[in-house]
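Peer 1: Protein chains in written order, with the working numbering: chain A, 1 to 128; chain B, 1001 to 1230; chain C, 2001 to 2261.
I should point out that these hints are in silico values taken from the structure, not numbers from a laboratory. Keep in mind that a hint or two might mislead.
Said to hold, decoys possible - Partial selection, computed: residues in chain C whose CB lies under 10 Å from chain B:
no.	residue
1	Lys2010
2	Gln2198
3	Leu2255
Idealized CB from N, CA, C, for every residue including glycine.
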Amino acid sequence: MMGEEFQASKPIYMQIVDRIVQQIIRGELLPEEKLPSVREMAIQTGVNPNTIQRTYSELERMEVVETKRGQGTFITEDEQMIKQLKVNMQIGIIEVFVKNMKELGFSDKEMVTGLETYFERKRGEDDD
Amino acid sequence: MIEFQSVTKNYGGDEGLSNINISLEKGKIYGLLGPNGSGKSTTLKLIAGLAYPSKGKVIVNGKTVNRKIASEVVYLTEVDMFYPSFKVKDMISYYQTQFSDFSLNKADELLSFMNLEPERKIKHLSKGNRGRLKLVLALSRTASVVLLDEPFSGLDPMVRDSIVKSLLSYIDFNNQTVIIATHEIDEIEPLLDEVIALREGEFIGKFNVEDLREKEGLSIIDWMKQTFKE
Amino acid sequence: MQAFKGLIIKEQKLMMNTFLSGIGLLILAVIGGFGLTRYFNEPNILAAVIFGVVFAHVFYLPLYVLMSLNIEAKTQTWLHNPNSGSLLFLAKLLSGLMSFCASMLISIGILSIVINQSQVMDFFQMFGGSLVFNLILMLAGITCLAVHLSIWVLFYWGLFHSLKNVPVIGKIRWLFLIAFWIVQMMVGNYFTQLGIYQSIIEFGTIEVQSKWFQFNTDQSSFAVGLSDTAQLSITSGIIYLGLSALVFFLASWLLEKKVEV
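Just chain A, with the same shape it has in the complex:
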């Protein structure tokens, strides 16, 4: 909705790309589902239609969506593609995590141990 915050450091069209990709991964947007038209999406988000157009072009370039002439823009039916998105997203997050940990001086092994310890403690808490 309008007033949605966008980060200052990244183009708005890319932030909307990220949002749509996340919605696909979470299953909120399903394969072959139709995306709103550029105008509708602009109204929903309070964002300039030219920006939304760029978002859709970028999604198309990434092969996440397909534009069918005269019908609109649809999420790809290619399940493999969606799995790939999920993997890419995971890799992206891990990269950021590893980079941050490295900056703090943790070794690869310490990171793995740290993660394992974290999960164990979390499991313990959930059991309570």
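Given chain A's structure and the hints, the job is docking chains B and C onto it.
Peer 2: Structure of chains B and C alone, referenced to chain A:
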């Protein structure tokens, strides 16, 4: 589309604008930014033919601007532009007789979009509803240039939201250019294609909103803070 | 045409309250006159008051136009309009003239009721000639003068607002306007006293055989007095018509080119 050629505007000794050169393209939403008194309103009035340059030329759709440009320019003032004794529908039918591009159907549609009662007297409307009515009058026309002077000023978030949504719903992006003068950029940055910044009557920058983020990692507000702090 | 009609309707709506107040004042004046007539048992008072009301209509139109212009001056957004300045001004004049006529008709209606009462007929015995003819002459005179003065109002209003952004003068616009008016008076007097002007005026003068009010008009003042014959100068009429047209044209030019928002 719109061009300022070395435009200077003096107001009784004070400088309104000095030596402005800008050109604006069709189909974009421009934000005209700057603190109060930076020349935003003057710029819009020069485009609308409601003020004339002291030096230089303002050209809209290939014509040097005069009063008649009102047939191609929609202008929404910062102040109330209504006759308080009028009903909403009186104002609509008056506009319809004056501007040949005014569509009554669109006006009806917009009135219900904005939840405005045609029979209400304008002096009994809330500030927010008067702000909405301005947009109804503006967007019921198909003129190629739409000028909005502080359309959000003093209005609550609900009203701002309905104004932004009406702009996005009813502007014809293939044929219309929108210029929004505002000192409150926060909420409308995502709405804009480009930004023109003014300070004390001088032009200090014009850039694409997305480019600024991509190249400098700055939002418009960040950029404004940096620039105006100096 | 649609634009002009729209402007007229706007004017009428805008000035409706003013028009009604005018009617209210008129009725108050008549009631007052009636009261005084009864109190002093002097029937001429009422007739004199009604005549006063009829003559006051000379200022009705200029005031109407001025008030209407001042409503617009609050925002000046009426100038955001693709129609010409002369059309905008003309709409104000014509709309004012419509209200003027309505108000005048009411006054004349009351006047004729009063005239029909024999008790005040004495008042009219002072004048000779046909009453109807004289009335028409009088109304035509008042209307022409009212329009002429209103056009000067348009001009001075336009001049006042044109000067807003002019350095130095803008700050002392009132003084400038008064100075302008004095110069206008002097030029007017100079011309009317020229021998040539006098002979031009005399050319084409028709004498109306009636004992009636005589109008002596010049640009911004007029005098009414009794004389044996009323003189109507056709050339004088043409000169004033031309002057009105010129001033109207200048006022429209100012509105379009010089008045800024």
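Peer 1: Could you check the structure against the hints above and give me the numbers of any it violates, in ascending order?
Peer 2: 2
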